[in-house]
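J.: Spelled out from the first residue to the last, the chains are:
Number of protein chains: 2
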Amino acid sequence: MEQAMSDDIRTGEVAVNVPEASDASLRFIGRIRTPFTTRAECPRQGDPGDGPDCRLELDPVWAPGLDGLEAFEAADVLYWLDRSRRDLVAQSPKSDGRTTGTFALRSPVRPNPIGLARVRIVRREGPVLVVRGLDCLDGTPLLDIKPERCAFTVQAPAKPGVAS
Amino acid sequence: MEQAMSDDIRTGEVAVNVPEASDASLRFIGRIRTPFTTRAECPRQGDPGDGPDCRLELDPVWAPGLDGLEAFEAADVLYWLDRSRRDLVAQSPKSDGRTTGTFALRSPVRPNPIGLARVRIVRREGPVLVVRGLDCLDGTPLLDIKPERCAFTVQAPAKPGVAS
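Those protein sequence lines, which keep their order, are chains F and Y.
Just so you know, this note's numbering puts 177 at position 118 of the first sequence, and the rest follows in order with no gaps.
Just so you know, this note's numbering puts 74 at position 15 of the second sequence, and the rest follows in order with no gaps.
No lab work stands behind these hints: they were computed from the structure.
It should be emphasised that the depicted structure is a prediction, and the values quoted were computed from it without experimental measurement.
Treat the hints with care, as some may be off.
Where chains are identical, the list cannot tell them apart; a pair therefore holds if satisfied intra-copy or between any two copies.
Stated by the list, open to error - Listed below are the simulated SDA-like cross-link pairs for lysine to any residue, each with C-alpha atoms no more than 25 Å apart in a straight line:
id : residue 1 : residue 2
1  : K153      : L128
2  : K153      : R103
3  : K153      : T70
4  : K153      : R90
5  : K153      : D67
6  : K153      : G108
7  : K153      : R208
8  : K153      : G127
9  : K153      : A80
10 : K153      : R69
11 : K153      : V75
12 : K153      : V187
13 : K153      : E129
14 : K153      : A122
15 : K153      : L196
Construct the complete structure from the given sequences, taking the supplied hints into account.
T.: Take a look at the structure:
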């Protein structure tokens, strides 16, 4: 399941030589549907407020796992960045120019290319959870959804009777 | 690498019958050192403020990946909950009694038992990142570290000159 490593390495980047990943195995539990069909269309980071509605389409066997999730405003979504190379320990993102350690970046290029987004829950439609705040490609494999209690409480809510 | 499923199922819980996970493979990039050696000792959720210092010990090959991470106050840490069963779509946590969908819980029992904690970065010591806010067992396999810009800005900081 390893993807071809199609990206060229940039100046300052460091690739490591490690054996094939084989410590644990993942199961895709569904697919993510977004309006983004090319990398150029993907936003740099999803917007849980104004981003487009995206769909987490679970395989039917896992659909009952969504029961109770609508009580939450937000969730952490984990997905598999199946087109990413996995051997860079230092990277030079194009927009930046400097070389930075992989774990100091949220780049999709990492030893375990697991994407993480904090999303706003819009509604559930049977085996589908509609959310906002994703930035991944259409068809991205889904790994997990976890409820999140305090993702969007950063700004204090307006007090009753106080104009905002 | 699948773990034995040692937990009994509780009333209302639903196990699904799915083929062995084989969609993608993970590479452990190190181990997490915590003071918690039994599940009973693990807090229900880590405390990034007052929790104990824990150590993310990276394999030497990945250590340069930490370069630049100390500029951040916080990080998302992903780890592998290698003792968890993976077949429950509905669960009845002991403390609660009700049955809830797996994706409406942050239980370690899930189809892909990837743990996620938002931690406070304390310091780096070569291939080791010292953090606060973890709740996992000592020896837990480490999968990924991602910088986080706004994890601990939920409470507004005290204003200069104002007693807190």
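J.: Determine for every hint whether it applies to the structure shown.
T.: Hint check results:
| no. | hint | in the structure |
| --- | --- | --- |
| 1 | K153 x L128 | between (38 Å within a copy, 19 Å between copies) |
| 2 | K153 x R103 | within (13 Å within a copy, 41 Å between copies) |
| 3 | K153 x T70 | within (11 Å within a copy, 53 Å between copies) |
| 4 | K153 x R90 | neither (29 Å within a copy, 31 Å between copies) |
| 5 | K153 x D67 | within (12 Å within a copy, 51 Å between copies) |
| 6 | K153 x G108 | neither (27 Å within a copy, 35 Å between copies) |
| 7 | K153 x R208 | between (35 Å within a copy, 20 Å between copies) |
| 8 | K153 x G127 | between (42 Å within a copy, 17 Å between copies) |
| 9 | K153 x A80 | neither (27 Å within a copy, 35 Å between copies) |
| 10 | K153 x R69 | within (9 Å within a copy, 52 Å between copies) |
| 11 | K153 x V75 | within (20 Å within a copy, 44 Å between copies) |
| 12 | K153 x V187 | neither (35 Å within a copy, 28 Å between copies) |
| 13 | K153 x E129 | between (39 Å within a copy, 22 Å between copies) |
| 14 | K153 x A122 | between (39 Å within a copy, 23 Å between copies) |
| 15 | K153 x L196 | within (19 Å within a copy, 38 Å between copies) |
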